[in-house]
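If you read the sequences in order, they're chains Y and C. Under my numbering, the first residue of the first sequence is numbered -15, with each subsequent residue one higher. Under my numbering, the first residue of the second sequence is numbered 777, with each subsequent residue one higher.
Derived by calculation from the structure, the hints in this document are not laboratory data. Every value quoted in this text rests on a predicted model; they were computed, and no experiment measured them. Wrong hints could be hidden among the right ones.
Which stretches of chain C does chain Y cover? Using the computed rule of at least three CB atoms under 8 Å from a CB of chain Y, they are [said to hold, decoys possible]:
| # | region |
| --- | --- |
| 1 | 1007 to 1013 |
| 2 | 1018 to 1028 |
| 3 | 1049 to 1063 |
| 4 | 1088 to 1101 |
Below are the DMTMM-like pairs computed for lysine to aspartate or glutamate, each with C-alpha atoms no more than 25 Å apart in a straight line [unchecked claim]:
| # | chain 1 | residue 1 | chain 2 | residue 2 |
| --- | --- | --- | --- | --- |
| 5 | Y | LYS94 | C | GLU1038 |
| 6 | Y | LYS94 | Y | ASP(-3) |
| 7 | Y | LYS57 | C | ASP1136 |
| 8 | C | LYS1172 | C | GLU1209 |
| 9 | Y | LYS184 | Y | GLU61 |
| 10 | Y | LYS94 | C | GLU1033 |
| 11 | Y | LYS184 | Y | GLU132 |
| 12 | Y | LYS57 | C | GLU1138 |
| 13 | Y | LYS102 | C | GLU1033 |
| 14 | Y | LYS102 | Y | GLU61 |
Built from N, CA and C at the ideal position, the CB exists for glycine as well.
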Amino acid sequence: MSAPDYIVFVVDDDPLLRESLQDLLNSAGFTVQTFGSATEFIGSELPDVAACLILDVQLPDRSGLDLQTELVKSGIEIPIIFLTGHGDIPMSVQAMKAGAVEFLTKPFHKESLFSAVKEALTRDGEARRQRSELADLRNRLATLTPRERQVLALVVTGLLNKQIAGELGTTDLTIKAHRGRVMRKMGAGSLADLVRMAEKLKISSEPSVRPK
Amino acid sequence: MDVQPGDVPEEVKRLQRCINDLVSLLALPAVWSGCEPSQIVHTLLAALQRMLQLDLVYVRLRGSGGEEPIEMARFGESQEQTVPPCEIGELFKRWLGAAPQEWPPLVRNPLGGQDLAIVPLGLGLQGEIGEIVAGSERADFPRQTERLILSVAANQASIGLQGARILSEQKHVAGELDRRVAQRTAELGAANEELRQEIADRKRAEEDLRNTQAELAHLSRVMTVGELAASIAHEVSQPLASIIASGDSCAAWLSSEPPNLERARAAIGRVTQAATQASEIVRRIRALFKKTAAGTTSVNVNAVIEDAVSLLRHETQRHNISLLTELDTRVPVVRADRVQLQQVILNLVMNAIESTASVDPERRRLVIQSGLSNPGELRVAVKDSGPGIEAQQAEKLFAPFFTTKPQGIGMGLPISRSIIEAHGGRLWAENNEPHGAVFQFVLPAELRRE
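Isolated chain Y (complex conformation) (with noise of 0.2 Å):
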């Protein structure tokens, strides 16, 4: 069997509520990795697909709230749904805050825990579409010459390859050619295609590439 695309883990000290969580969301269709502690999850090898966290906000070992900070600190980025067992708000305004997806006070009806789990489910693969996209995009950047980040950076600003050449000090032939490698390098079809992938990576002409 073909790992899945996605899967959802449980962090749950009770045995029984770890058991029965899974075997719901398993007869709903989805795929389940189940934890009887944070260090137990902390501690585990993930798997790169499209995940979500099912998090009890009482833990033996730490609070929810605590590992949702480890998480964070540590660049792990999975929308976590709280359970709790009664309704704290400053929690849960704290969890909100903090990124969670949802905060479920227990016994919850399986359609608010099905709906929130799609929802985390759908923003971590939308996340990891992005930060996948923005990688490549930073691969392709990397090809770039000096020269060539430079004439990408006038370039997203709208100026003319005549203008361009004056900032450099070069001949709009010479640009025209680095433009060119540059459309080609990164990719893109258009010079609109270009300035969205600009923005991606936040490049701007910066004032001190310019010569005086």
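Mind docking chain C on chain Y? Use the hints.
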């Protein structure tokens, strides 16, 4: 001397009578034994009057110990009238108590008629008992034999009266003793009755106190449960979440094509398991709310501690406190009211949680220990890592209405202590090492292990 029968000279006859009279007089003390002085005097007067044909015989006995003197008189048969003895006493007043030689030989007859020749005699060695005065109208009174009889009679009377006085004193002493015994008995009876009343009052007061304490214990239990409401809600919602999730998945497995009976069955199994957990939680809570004590039973303290810990698990997690139990499996069974014991443990742990929650999260640590302290004595200790106890607060902690909590009523510790003391144990507090406080109690074990 040749004396014919029938022709006995008068002198001899008188001597014979005298001897007879003396013999009679010598027998008198035996007759008087156990008699009152007045009876003695009465017989003495009668005997003397009969023997000596006296016209007047008068006896005055000094009253002993502040009593009135006794006066009695007897008159000769020839006298036609009598006067009360006190009049005779009045007549003799000026000589009474004086030596016999100071008396006049003749006195006026108080009944009228000729003057009386009198013989005064003291009764007792120094006349301390009284006096006897014999009088006769006869000019030759007293003859020698008559004087002899009178003095023997006075001696005999002294002996008899002395005996009577001793007897009467003894009777008096015995009577006094009886009276005192009766009085003391009555006093004791009254004191006893008073004591009985006090005991009854005290019993009633103790009963009232017990009722009030029971009320307070119940109140504080309800308040504790109120404080625990969030934890209890959490505890119950946990199995409920399992029940609902497993119920939903069971339905899903049943309606899938084809139905997955195996997984549906497993889900139902979890429903049952979780429902059992929930009802166990409800049982524990209900036990806490129970108003009337279930009475003493054999209780395993470790089980009570585990119950309390499971009710408080959420509280410790909420405050990030690590809770450790070190329960000695060899602890003896105790005779106790399970609900009350649980209340004490719950109370101590709640206090410990509150004080521990005020220190740095890394330091928040709580240990509950059970074990044997002395042989036949069980010890339970709740150790926290809070700020500890200030010296001046150590005993105040157990005073009613002393509290450091904003919502506390200050009855938790006094009630806990009174519960433990009612079970024959002790509850006290001291500081923990290196920081925090230890609240611990000991209880007598039900049976020594063989």
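Checked hints:
1. 1007 to 1013: It holds: at least three residues are needed, and the region 1007 to 1013 of chain C offers 4 whose Cβ sits within less than 8 Å of chain Y.
2. 1018 to 1028: holds (count 8)
3. 1049 to 1063: holds (count 3)
4. 1088 to 1101: holds (count 4)
5. Y/LYS94 with C/GLU1038: Cα-Cα ~21 Å, so holds.
6. Y/LYS94 with Y/ASP(-3): 20 Å, holds
7. Y/LYS57 with C/ASP1136: 22 Å, holds
8. C/LYS1172 with C/GLU1209: 21 Å, holds
9. Y/LYS184 with Y/GLU61: Satisfied, since the Cα-Cα distance of roughly 19 Å is no more than 25 Å.
10. Y/LYS94 with C/GLU1033: 20 Å, holds
11. Y/LYS184 with Y/GLU132: Judged against 25 Å, a Cα distance of about 18 Å means the pair holds.
12. Y/LYS57 with C/GLU1138: 20 Å, holds
13. Y/LYS102 with C/GLU1033: Given that 25 Å is the threshold and the Cα spacing comes to 23 Å, the pair holds.
14. Y/LYS102 with Y/GLU61: At roughly 16 Å apart (the allowed maximum being 25 Å), Y/GLU61 and Y/LYS102 satisfy the hint.
Of the numbered hints given earlier, the model fails none.
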